[in-house]
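Listed here are the chains, written in short residue letters.
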Amino acid sequence: MRQILSAVSQYKEYLVLTACILLSLLLIATDSNPQIRSLRSVTIVTIGFLQDMFDVIPDYFNLRDENRILRSQNLTLSEEVSLRRNAAIENGRLREMLGLKEQTRYDNIAANIVGRNFQFFRNTITLDVGENDGVRVDMPVVSHEGLVGRVVATSSGYSVARTLFHREMKTSAKVERSRVDGILGWNGATHLMLTNVAKTLDVQVGDRLVTSEYSSVFPPGLPIGIVSRTQEETGDLFQTIEVIPLADLYRTEEVFVLLYTPDPARIALEEESAR
Amino acid sequence: MKRFLLYCALSIALLLVHLMMVPFLALANVVPDIVLIFVIVLAVMEGRMAATIAGFCLGLLLDLLAGESSVLGLSALAKSVTGFAVGYSFSEGRALQTLGSYRFLVIVGAGALLHNALYFTIYLQGTSVSFVDAIVFHAVPGALYTMLISVIPMFFFSRQQPQ
Chain A
0 MRQILSAVSQ YKEYLVLTAC ILLSLLLIAT DSNPQIRSLR SVTIVTIGFL
50 QDMFDVIPDY FNLRDENRIL RSQNLTLSEE VSLRRNAAIE NGRLREMLGL
100 KEQTRYDNIA ANIVGRNFQF FRNTITLDVG ENDGVRVDMP VVSHEGLVGR
150 VVATSSGYSV ARTLFHREMK TSAKVERSRV DGILGWNGAT HLMLTNVAKT
200 LDVQVGDRLV TSEYSSVFPP GLPIGIVSRT QEETGDLFQT IEVIPLADLY
250 RTEEVFVLLY TPDPARIALE EESAR
Chain B
0 MKRFLLYCAL SIALLLVHLM MVPFLALANV VPDIVLIFVI VLAVMEGRMA
50 ATIAGFCLGL LLDLLAGESS VLGLSALAKS VTGFAVGYSF SEGRALQTLG
100 SYRFLVIVGA GALLHNALYF TIYLQGTSVS FVDAIVFHAV PGALYTMLIS
150 VIPMFFFSRQ QPQ
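Note that the protein sequences, when read in sequence, are chains A and B. Note that numbering that gives the first Met the number 0 gives residue 267 to position 268 of the first sequence, counting from 1, and the numbers run on in steps of one. Note that numbering that gives the first Met the number 0 gives residue 11 to position 12 of the second sequence, counting from 1, and the numbers run on in steps of one.
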């Protein structure tokens with residue numbers, strides 16, 4: 000017995016390390032456990048509240064740039080509003096002629112980003128709106144520029160959204176001009192990647208990407224980004240397409256949560272057919 | 000006991016600072032890990048055992064509080080192993096000398112690299128993210144930034160040394 004105690008005492012540091020490693024691995028294995036997820040949603044409330052308090056600290060370094068960008072956007076938007084007004088009138092007239100139904104627009108809730116988490120490949124933002132405001136998991140988050148991400152956790156007054164710069168964020172996207180579909184994801188670089196696009200398909204630098212109707216999370220037509228580079232590797236069936244997101248995912252401070260949830264009947268059918 | 004309570008209070012304060020204030024220091028999505036600096040300071044001052052336990056507890060709290068942006072247990076694993084490894088630099092009675100010299104910066108740099116490499120080895124399993132890209136664009140800049148921030152405690156400890 001004394002020998003055992005002596006051995007334990009001699010190697011106690013190694014034993015503690017082994018225990019810590021085993022416990023950590025056990026926790027990693029249970030990361031997606033529902034109980035762990037609900038425990039995390041409790042921490043969102045606390046952290047969201049604290050981050051909200053720190054939100055009063057202004058980002059002075061970016062104010063000048065932001066003002067310049069806002070002035071330029073203001074000018075562009077004024078022109079765009081005028082063009083859109085004319086287009087809406089024309090669109091209404093044409094729809095009437097064709098007997099088409101008016102497309103539904105999604106209601107939205109304005110939200111402030113009160114916290115950002117930069118944890119390597121899992122960038123998330125904390126919003127100051129939650130379940131009490133009607134926010135639910137999987138709702139899209141957009142800025143005035145384009146798609147930002149989707150809600151992944153909610154509490155009564157706060158919610159957490161994955162941005163497009165998140166390793167688990169994958170979405171169906173479509174090239175607006177040529178209607179070519181692909182899967183948009185992020186691999187840790189400064190841009191997004193559109194994958195599964197055959198070399199023969201027409202994608203050009205400057206093309207705009209929007210959400211596809213194949214997406215089970217996002218409504219179709221939300222602007223995502225601009226193709227910044229295309230490359231064809233020899234021996235590969237697909238092309239490499241780099242996309243710069245339209246929304247400034249690191250500096251945007253105000254976003255909108257679209258009150259859109261995918262049709263559960265469609266999801267159920269797709270899941271059933273996938274089995 | 001007094002020292003233990005001081006470490007606990009410091010840990011909580013640093014955790015909150017890490018979660019609330021560190022995003023303001025982000026440079027191109029790279030942030031310093033001040034909790035890791037604290038674990039390394041503990042390893043140099045108190046040795047392997049204290050640093051391993053502190054690394055595990057602080058990493059676990061960080062994983063929990065970071066919510067969706069972290070994998071539960073991963074920071075705990077990386078920080079406890081780093082605390083243990085850095086604990087080899089512990090030398091009775093010479094802690095302040097180490098902490099107040101440039102040697103501390105080297106220890107933090109090496110510790111942060113080990114931490115990030117370990118973190119990514121597990122974190123990138125089952126993803127299409129390239130391990131080399133992760134090391135080059137995130138682990139190394141993150142370790143360098145953490146090392147840069149550790150200049151602050153280094154100056155603090157260099158002033159604590161008896162003349």
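Any given hint could be a false lead.
Derived CB-CB ranges, DEER-like [unchecked claim]: (1) B:L143 x A:G91: 50 to 60 Å; (2) A:L22 x B:A8: 40 to 50 Å; (3) B:L5 x A:R228: 52 to 62 Å; (4) B:L9 x A:L21: 24 to 34 Å; (5) B:F3 x A:L22: 19 to 29 Å.
FYI, nobody ran anything at the bench for these hints, they're computed from the structure. Ideal placement from N, C-alpha and C gives every residue a C-beta, glycine not left out.
Determine which of the earlier numbered hints do not hold for this structure and return their numbers in increasing order.
-> Violated hint (a single one): 2; every other hint is consistent with the structure.
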